[in-house]
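*Asks:* Protein sequence lines, in the order shown, are assigned to chains A and B.
Position 134 of the first sequence, counting from 1, maps to 142 under my numbering, and the rest follow consecutively.
Position 15 of the second sequence, counting from 1, maps to 38 under my numbering, and the rest follow consecutively.
Read the hints as simulated data drawn from the structure, not as lab findings.
All values reported here derive from a predicted model rather than from experimental measurement.
To give an idea of the chain B side of the interface with chain A (calculated C-beta under 7 Å), a few residues: (1) P51; (2) H59; (3) Y66; (4) L69; (5) H70; (6) L79; (7) A86; (8) R94; (9) G95; (10) A96; (11) L99; (12) L154.
Just so it is clear, CB atoms sit at the ideal spot from N, CA and C, and this is done for glycine as well.
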Amino acid sequence: MRLESTVRSALAEFKWSVSLREAGLVLLVAVAVTTVSWFLRDDGLPLAADPMGYELELAAPLTSTEKALALYDEGEYHFVDTRPVTNGDFQTIPGAFFIREASFDDDLLEYFDFMTTEDHFILFGDGELFPVSNIAARMKDRDYRNLLILKGGLDAWLMAGGEISRRNGGES
Amino acid sequence: MRGLLVLGCRLAVGGIFIYASLDKLAHPQAFAEVIHHYRLTPYPLLHPSAHLLPVLEFVIGSALVLGIWRRGAALLAGVLTVFFMVAITSALIRNLDISCGCFNTDGGHAVGLDLLFRDGILLLLCLPPLLARESGIGLDRFFRK
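Construct the entire structure; sequences and hints are all you get.
*Replies:* What follows is the structure, given as structure tokens:
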């Protein structure tokens with residue numbers, strides 16, 4: 009009750025104009041200091057960021073197609089196709105599991121007898137890293153720790169001369 | 024008593040903001056990468072944000088500790104904290120496995136629900152300096168008319 013009345017009186021006495029004016033002053037000082045320090049610093053960043061200079065923090069390490077091809081030949085790694093389901097024929101890496109964002113739990117359940125958390129996996133998509141990384145993060149949540157992401161996706165695999173198989177979208 | 028509460032909250036929030044700004048001020052490139060990992064900031068705003076945010080944190084923290092423009096600094100601290108909570112929630116919804124970059128730019132704490140809880144407490148601590156009439160010990164008195 010006392011707390012409630014304290015809060016009520018505090019809100020009644022609260023002056024937005026003072027707070028906003030002071031916030032504006034703090035913001036102004038911060039902008040001024042930032043501007044001056046930006047010009048004075050030796051390690052100041054350029055005004056515009058170069059998108060090529062930024063790597064994403066992914067849920068699993070990237071691997072090159074050359075390395076992935078070698079691991080494919082060794083047969084130690086399972087390949088995981090994370091691309092959304094398509095109708096009709098499509099290409100994929102032979103023996104790949106299909107684990108998609110939209111049907112993640114069902115897909116994992118389907119492969120339950122074939123995938124252990126100790127196994128090694130290389131995840132690939134269509135070259136976009138975000139969706140593959142999201143699948144890797146969800147697999148890590150399920151204790152799959154030995155994950156790699158194929159840089160460049162299936163297109164890079166094809167360009168490097170990797171084996172492919174043709175599948176149909178209607179297949180499970 | 025209220026003055027002591029306000030002073031305690033000011034020092035706590037101000038100290039946290041100053042501490043949070045130091046590593047980011049020293050490593051703007053690394054902090055730009057931390058911001059980039061949230062995938063919320065367009066490239067044209069990335070570097071300006073990486074320079075402005077730590078300075079803003081430092082200025083807010085200093086204002087709260089010194090007791091200058093206490094209400095405005097507390098308001099901005101609250102707004103920034105809400106902004107951080109939105110960014111963390113967004114990362115959690117999108118299943119992003121990234122470090123929060125709250126206090127250091129080199130790895131650090133992964134985004135998780137515990138961070139939202141921590142920021143919730145920080146937000147509550149912003150309220151007394153924002154709402155109270157008493158400021159506690161501070162330099163505000165020299166700026167009053």
